[in-house]
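Using the hints provided, position chains B, C and D relative to the given structure of chain A.
Residue numbers (the numbering used here), protein chains in the order written: chain A, 1064 to 1349; chain B, 1064 to 1349; chain C, 1064 to 1349; chain D, 1064 to 1349.
Hints listed in this document are in silico derivations from the structure and should not be mistaken for laboratory results. Just so you know, these numbers come straight off a predicted model, no measurement behind them. There is no bait here: all hints are sound.
Same chains, same label: a pair holds when it works inside one copy or across any pair of copies.
In silico lysine-lysine, BS3-like type, Cα no more than 30 Å apart, as pairs:
1. K1086 - K1287
2. K1315 - K1287
3. K1315 - K1086
4. K1318 - K1086
5. K1313 - K1086
6. K1208 - K1287
7. K1208 - K1086
8. K1318 - K1287
9. K1206 - K1315
10. K1208 - K1318
4 protein chains.
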Amino acid sequence: MKRIIILSLAAVLCTTASFAQSKIITDTLPSTTLGRAVPVNVYLPRGFEGASSNHYPVLYLLHGLYGTHMDWARTGGLQTVLDELIGTGEAVPMVVIMPCAGGSDVHHVQNGYFNVKDNAYEDFFFGELMPKMEAKYACGGSKGKRAIAGLSMGGGGSVVYSQRHPDLFSSCYAMSAWLDTQVREARTPEEKEDKLFITNQSVREHSALDFVDHADEATVSSLKTVKWFLDCGDDDSLMELSVRLHLGMKAKGIKSELRIRNGVHNWEYWHTALRLSLPFATRNFD
Amino acid sequence: MKRIIILSLAAVLCTTASFAQSKIITDTLPSTTLGRAVPVNVYLPRGFEGASSNHYPVLYLLHGLYGTHMDWARTGGLQTVLDELIGTGEAVPMVVIMPCAGGSDVHHVQNGYFNVKDNAYEDFFFGELMPKMEAKYACGGSKGKRAIAGLSMGGGGSVVYSQRHPDLFSSCYAMSAWLDTQVREARTPEEKEDKLFITNQSVREHSALDFVDHADEATVSSLKTVKWFLDCGDDDSLMELSVRLHLGMKAKGIKSELRIRNGVHNWEYWHTALRLSLPFATRNFD
Amino acid sequence: MKRIIILSLAAVLCTTASFAQSKIITDTLPSTTLGRAVPVNVYLPRGFEGASSNHYPVLYLLHGLYGTHMDWARTGGLQTVLDELIGTGEAVPMVVIMPCAGGSDVHHVQNGYFNVKDNAYEDFFFGELMPKMEAKYACGGSKGKRAIAGLSMGGGGSVVYSQRHPDLFSSCYAMSAWLDTQVREARTPEEKEDKLFITNQSVREHSALDFVDHADEATVSSLKTVKWFLDCGDDDSLMELSVRLHLGMKAKGIKSELRIRNGVHNWEYWHTALRLSLPFATRNFD
Amino acid sequence: MKRIIILSLAAVLCTTASFAQSKIITDTLPSTTLGRAVPVNVYLPRGFEGASSNHYPVLYLLHGLYGTHMDWARTGGLQTVLDELIGTGEAVPMVVIMPCAGGSDVHHVQNGYFNVKDNAYEDFFFGELMPKMEAKYACGGSKGKRAIAGLSMGGGGSVVYSQRHPDLFSSCYAMSAWLDTQVREARTPEEKEDKLFITNQSVREHSALDFVDHADEATVSSLKTVKWFLDCGDDDSLMELSVRLHLGMKAKGIKSELRIRNGVHNWEYWHTALRLSLPFATRNFD
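Just chain A, same shape as in the assembly (with noise of 0.2 Å):
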């Protein structure tokens, strides 16, 4: 056994590091709408040079309950995973946005993507930060450059929007999706106002399931026009909700992915949903 090329580990680390040219930053969106400032992160791919650069595709990606926009950064892994993916061509170079919707503190802060009381998140989303991060990184514009994803609350804020602007989305995959939930009455004045409770509310308001359900022909016809992929795991108390939601679409005649993997509700299985969700929103877009 002759050894041609034996290398020294340390240069092996160095050349290693050059693979890491794509980033993640954290911008700031002043918001009339909600009236605060709203944080984002936003990945720009390798060779991203600005708005004078290429024009990109781009994915928003929400985070769940209780998180921030500093999740799929720090926790889930995005850069090395979308790097390494668009690296075999499995994904195509996007900009990937990810708004804050949310905070650990769920009493007193408002999460989620719907709009309630002095929180417009919805009309923040669709007026206020896709077409001023659309404008600054130079990427979407269009229903074809334009996907949606998103865990657990932000799977089903991900189904949701693309449910009420399906003109607006080529895909959506939606990760251990919250797609509807129990609610009950407000028991004290208090909890009418806890921030909890209205996320919940609205999540119930918002049902997907639902929506399909009552959807008319129209509407039908206009959910054909995404691409849909629910992935939710096997243990995961959420799951029967994407079973439901799947089921109810093909009933319908709307085409959907369904994968029931093994797993629960947490991080290790939405790390392992990049590797599928990257490429389906690189396979829709235009």
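Just chains B, C and D now, kept in the frame of chain A:
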């Protein structure tokens, strides 16, 4: 689409928390061989109750150059993956021992698994670490209940330890393994004392490739009692070393598994390697 | 780029041939219960030497509606996949028994695994097939050395057999399983005698979903001694049945694995399912 | 557990049948170059309507030594896998052309993709097969709409064709590729005329390894315009050839993907390789 079971997400998140009943602790082992205390991380599976509990199989899991005992816990996601694999039965409950053999200051702190001047690490490993940890944590005790794995410098360490002590390990899984290296003469007296220089020399002196090339019949027989698995990224500069070891062993009739997956010399590769290595160790326990 | 080892392809092809040392034979079992001889395919692993050889674990592998004992060998590629998995240690050497319970003429030839008029197949299976084949082929003999799996009608058969005989199987892997069905009254006397009509009725009467719903505490306890795995394609019309069984068992505290992979009700799905089911059976043998 | 939807399996099986709307046909191309008619299998995707239909991308898919144009259809399961991948969008609808370049009687019937005495196959391929089939089946026509792949001798063929005609293929996926071989002098005049002897010589003369070693700067530039993927089993005797080609190309700055998966030189390997190669061809079409 009726909703028979609709769950509150808050309930889900609480439920999920109760899965994390395994733990990783940081222990410290005073070593007379090394003249210092060595920090050791230890994964204890769900249900572990100390020395009075069941007797578990043990996996030694080695870090790479610049690394420490904390790496597999903090960056590698060992606990999440092993918990999940134990949950499906793909891995058996086991103790995982992750000793420190390095640190980031490679020029001044000795890194590596081999005996060098003032750092008889291999002596420490087999003479102190192994017997003391296995007694303390109710694990191992025989070849059939002991496996070894590692990444990069630790991948090399796991191979060389298994070559030199084939009676002690049932299996060896080497990730992106540093199995040999180039050396040159020290250019200055200072360089001769440089810790990285010394590490590099020790890797050359313990060439896993040479070991197989020079193995006599008795040695080859003993190597056949270990199950070998070599796993390296296609864009890893060390890749050829794993291929050469695989072919060198095959030429001597020693069976090994080889996988070249997509990837480079990084934690994404090693994290995904856990899904292969932990079941592999499991299959080869008694 | 020097070529140290360059091989003639003819040599390669010859070498490859020598791997195929396992075999699938077609045996015939005269049955007094059924009043006819039943053809049975049997996979014997490399090194199998008859009743005087090692005692092997056994897997019963059931075909679907319209199928026969030949299906897993001819269309499913069992031998290639199992040989390969035994080669890596992902499966242990085992005997696989594939009895005929059908044929393509479903209107005139009885298909199915349950007792119906003039075809007491379950009685045959447990009273004749199992004891005779395990004695003849040096396999099984206890729950810990016996597993069952099957596709579609055979997926349903494997689940129902495991529900009714939980003391006999360590694990059950059901692919695209037919676990329940719709029935209606026969419209003509002829239809009442139609073999497909009878099969359909027997599936309804042996509903695996009802079985779990109606299980008392003792039954639930016994079901927990079997390891369950349900695997069905996302575009398979039977998919909801697997999900319902998974949720029904979960509601009673019976753990099962569920996977929804991409696919429909076809052999590509079942062929790839072998890579999951054979290791699953292996892990749950003693 | 209520059953909202319970299906009759007979209905399922009927529904499933309607998925198979693509087809593989056997065509015959009279060749003046070869002085004989060459059988060619052609996969036509669902919805294909002849030359008046859409213009499709094309994949040339080559068989191995001893093989024929029927292999990928009969043994490789091409239709099932490609239909499924088109269904999920992992592959685009494409035409697949599988010409005959061999047969089982390798000593008397010429096998191979290179020009040899009385069998100018490469001339036939590029001068007759490609233009005629692409015109007839409304496909290809440019590098961006053309890919090539193959197994063993056909893996070598696909690499060498791509090396010699880099302006014609957007990507090349080589499975278990025969990229070079040993030769010796013919021992008898008869051996000199032996077809297998001639095939072997032609593989040596068209060494893909030498081609890269000897490539000048212009050639290297042209090779960089092709996307390369090498995929070989870890227990395949040809494995080292793929590794050497990967390293040889890397040394010249030509990027390629390399995968060493578990396996030998058999159809199980090539069948599973389709799930990688068809998406790879797709990603690299325009």
